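Given the structure of chain A, go ahead and fit chain B onto it with the hints provided.
Given next are the chains, with one letter for each unit.
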Amino acid sequence: MSHILLYVENLKKYFEIRRGLFGRRRLYVRAVDGVHLTLARGEAISIVGESGCGKTTLGKTILRLYEPTDGRIIFDGNDITNLEWKELKWYRRETGLVQQDPFGALPPFMTVKRILEEPLIIHGFKSKREREERIYKVLERVRLTPIEDFINKYPHMLSGGQQQRLVIARSIILEPKLIVADEPVSMLDASVRIEILKLLQELQKTYNLSIMYITHDLSTTRYFSERIYIMYAAHIVEDADTREILHNPMHPYTRALLNVIPDPDPSNRFIIRDVPAGEPPNLINPPLGCRFHPRCPNIKKGLCDVKEPPRIEVSKDHYVRCWLYG
Amino acid sequence: MDGELLNVLDLIMYYRTLRGEVKAVDGVSFSMRRGETLAIIGESGCGKSSLAKSILRLLPRNVSVYRGKILFNAVNLMELDEDTFNRDIRWTKITYVPQAALNSLNPVIKIGDQMIEPLLLHQKIDKSEALERAAKALRMVGVSDAFLYHYPFELSGGMRQRVIIATSLLTNPELMILDEPTSSLDVLTQANIMNLLKKIKSEVGLSMIFITHDLALSSELADKVAVMYAGKIVELNSAENFYESPKHPYSQKLMESVPTLRRDKKLGFIPGSPPSLLNPPRGCRFAERCPFKFEKCSEDPPTIFLNGDSYVKCWIYGKGLS
Numbered sequence: 044m045s046h047i048l049l050y051v052e053n054l055k056k057y058f059e060i061r062r063g064l065f066g067r068r069r070l071y072v073r074a075v076d077g078v079h080l081t082l083a084r085g086e087a088i089s090i091v092g093e094s095g096c097g098k099t100t101l102g103k104t105i106l107r108l109y110e111p112t113d114g115r116i117i118f119d120g121n122d123i124t125n126l127e128w129k130e131l132k133w134y135r136r137e138t139g140l141v142q143q144d145p146f147g148a149l150p151p152f153m154t155v156k157r158i159l160e161e162p163l164i165i166h167g168f169k170s171k172r173e174r175e176e177r178i179y180k181v182l183e184r185v186r187l188t189p190i191e192d193f194i195n196k197y198p199h200m201l202s203g204g205q206q207q208r209l210v211i212a213r214s215i216i217l218e219p220k221l222i223v224a225d226e227p228v229s230m231l232d233a234s235v236r237i238e239i240l241k242l243l244q245e246l247q248k249t250y251n252l253s254i255m256y257i258t259h260d261l262s263t264t265r266y267f268s269e270r271i272y273i274m275y276a277a278h279i280v281e282d283a284d285t286r287e288i289l290h291n292p293m294h295p296y297t298r299a300l301l302n303v304i305p306d307p308d309p310s311n312r313f314i315i316r317d318v319p320a321g322e323p324p325n326l327i328n329p330p331l332g333c334r335f336h337p338r339c340p341n342i343k344k345g346l347c348d349v350k351e352p353p354r355i356e357v358s359k360d361h362y363v364r365c366w367l368y369g
Numbered sequence: 050m051d052g053e054l055l056n057v058l059d060l061i062m063y064y065r066t067l068r069g070e071v072k073a074v075d076g077v078s079f080s081m082r083r084g085e086t087l088a089i090i091g092e093s094g095c096g097k098s099s100l101a102k103s104i105l106r107l108l109p110r111n112v113s114v115y116r117g118k119i120l121f122n123a124v125n126l127m128e129l130d131e132d133t134f135n136r137d138i139r140w141t142k143i144t145y146v147p148q149a150a151l152n153s154l155n156p157v158i159k160i161g162d163q164m165i166e167p168l169l170l171h172q173k174i175d176k177s178e179a180l181e182r183a184a185k186a187l188r189m190v191g192v193s194d195a196f197l198y199h200y201p202f203e204l205s206g207g208m209r210q211r212v213i214i215a216t217s218l219l220t221n222p223e224l225m226i227l228d229e230p231t232s233s234l235d236v237l238t239q240a241n242i243m244n245l246l247k248k249i250k251s252e253v254g255l256s257m258i259f260i261t262h263d264l265a266l267s268s269e270l271a272d273k274v275a276v277m278y279a280g281k282i283v284e285l286n287s288a289e290n291f292y293e294s295p296k297h298p299y300s301q302k303l304m305e306s307v308p309t310l311r312r313d314k315k316l317g318f319i320p321g322s323p324p325s326l327l328n329p330p331r332g333c334r335f336a337e338r339c340p341f342k343f344e345k346c347s348e349d350p351p352t353i354f355l356n357g358d359s360y361v362k363c364w365i366y367g368k369g370l371s
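Taken in sequence, the protein lines are chains A and B. In terms of the numbering used here, the first sequence is numbered consecutively and its last residue is 369. In terms of the numbering used here, the second sequence is numbered consecutively and its last residue is 371.
Next comes chain A alone, as it looks inside the complex (with noise of 0.2 Å):
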């Protein structure tokens, strides 16, 4: 076993809201809720699920973002789930987030050398000499070069493919170990996906960096990740090596989702497929047992709709929330 970079138990993230007469009902919104990964240094590991499942919440939580609701977050032998703001700064030296939309990661008025200085001299880089030889490092590593014609632009200056190559040069000038991509490539054309994607693994062999990605699309996390998990109204209903889940998906909303996927094929438009019907629930009162039971096409009544289902080793290392394997 490699050594593990980070561990995270039972990771609970409730968010309150008000609600009624002068705000007292109060109400939580259950964005994360009892989840575990391990991320093993080097490693490149995907979280898979659509939108308001909570997988941007447990990426912001676990850089600690948030402050997490119960649960532990051990990083490096370190236990960071409840670390006060000032002992956090060598935890955020430590990790680094590229965002969804590179333009708003941007602050616009900031040039691309002064952008890559900040984190340094936040970071106490005293010296301007190093500092520089460091910003060019990065950009050299990124490939925005010939670095000259970059060093000095504003951010809407280049395009999108280059805007996101300088939100990861931002996110690895400290040398992070760990970097969470947030759908790092869901705002590039098709073209330029590629390209985003292969920087980064490269970045994650050179530096033995370990990658969360956080993305809605299947098909790239086969490429790009070792091990996936599949996230459903704030769960982790599934995980197991790439490989191993697209092969051999158990959970039924994992084989829904690997069935509706189309790789291109002129005979797709023949075939009606297999949809689970309704919508993910909400998070405020998420369904009693199982969470996706009122969409399963296999529920056992009386069980699946009162009974939470826990998480079940159905082979080594692969892991289903789901009563069929129960």
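Treat the hints as calculated values from the structure; they're not laboratory data. Hints are supplied without guarantee of correctness; some may be wrong.
[Unchecked claim] Partial selection, computed: residues in chain A whose CB lies under 10 Å from chain B:
1. 205
2. 305
3. 311
4. 322
5. 353
[To be verified] Here chain A is said to cover these stretches of chain B; the calculated rule only asks that three of the stretch's residues, wherever they fall, bring their Cβ under 8 Å from a Cβ of chain A:
6. 229-239
7. 267-275
8. 303-314
9. 318-331
Predicted, not measured: the structure shown is a model, and the values here were computed from it. In this text, a Cβ means the ideal position worked out from N, Cα and C, and glycines have one as well.
Leaving out everything else, chain B in the frame of chain A:
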């Protein structure tokens, strides 16, 4: 499948901005038969939405050039005056499902009232009959007709998209233009909408123009594929030929960049970015990024017909060079 429904010939639409003239649609030709679905594939800014809107004469205010022929049932739409076009064609024979469909319902008007607007406006039908037709259309797309009396916020994204599709079916159109109809929907909802469109296609025999950036998704509907790059169609091909062996180098590279779920493949990407439509390069517009570029490419590539009305615009297939 009887005969030609739409024939677009050398369509041009430019518009003027402070920085110059944008050549959004630059000499586009294609034809479709009745009952056929054409997918127009291209990346953002290639002019695919402009092309759709040009067919419906939904032009930007700063349009500077708008010419070419649009033969619809053998009538040249370019020659119709605005009133006739509005009465007989736009949102009657040809309907449009816009890209931001989720936001195209008015939040303060009940679903039924906005659905029947085109009927009242374009076809002068009385309200109760119009509501009845709306109810029928809703049932057809799998939404309960009780929603006629609800407001848009009470519906989920997928249901709102269904309402828009139902609305666009109300006038018994012959052609439906769908501009990225599922781009903001979830995977399962998207599959649901695709099923619905397939059903409409086979049951109603409607022709569709399906605009998308998603090559894999396009194969869910397309009988025929047009690949657009920098304001031009670079390849027009049947679905069978296109998804198995695309011809234009751009189509080939684009196909390489589509990750597949079921089989392994070597993924590729296209370095660089598309040229600006303000000042597109002379000759082939893809040349700068093309791995097969040679001297000829600095001249405008010829249209090489493959079989039937399929064509590719590329010098590789030029006379005596293949």
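Each hint tested on the structure:
1. Hint status for residue 205 of chain A: holds, given a least beta-carbon distance of 8 Å to chain B, under 10 Å.
2. Residue-level restraint check for residue 305 of chain A holds (minimum Cβ-Cβ distance to chain B is 5 Å; threshold 10 Å).
3. Taken as an interface hint, residue 311 of chain A checks out: its beta carbon lies about 5 Å from the nearest beta carbon of chain B, inside 10 Å.
4. A least Cβ separation of about 5 Å between residue 322 of chain A and chain B falls short of the 10 Å threshold, and the interface hint therefore holds.
5. Violation of the interface hint for residue 353 of chain A is found here, the shortest Cβ-Cβ separation to chain B being roughly 25 Å, above the 10 Å cut-off.
6. With 5 residues carrying a beta carbon less than 8 Å from a beta carbon of chain A, the segment 229-239 of chain B meets the three-residue requirement, and the given coverage holds.
7. Under the rule that three or more residues need a Cβ within less than 8 Å of chain A, the assignment of the segment 267-275 of chain B holds, with 6 such residues.
8. Under the rule that three or more residues need a Cβ within less than 8 Å of chain A, the assignment of the segment 303-314 of chain B holds, with 9 such residues.
9. With 4 residues having a Cβ less than 8 Å from any Cβ of chain A, the segment 318-331 of chain B passes the three-residue criterion, so the hint holds.
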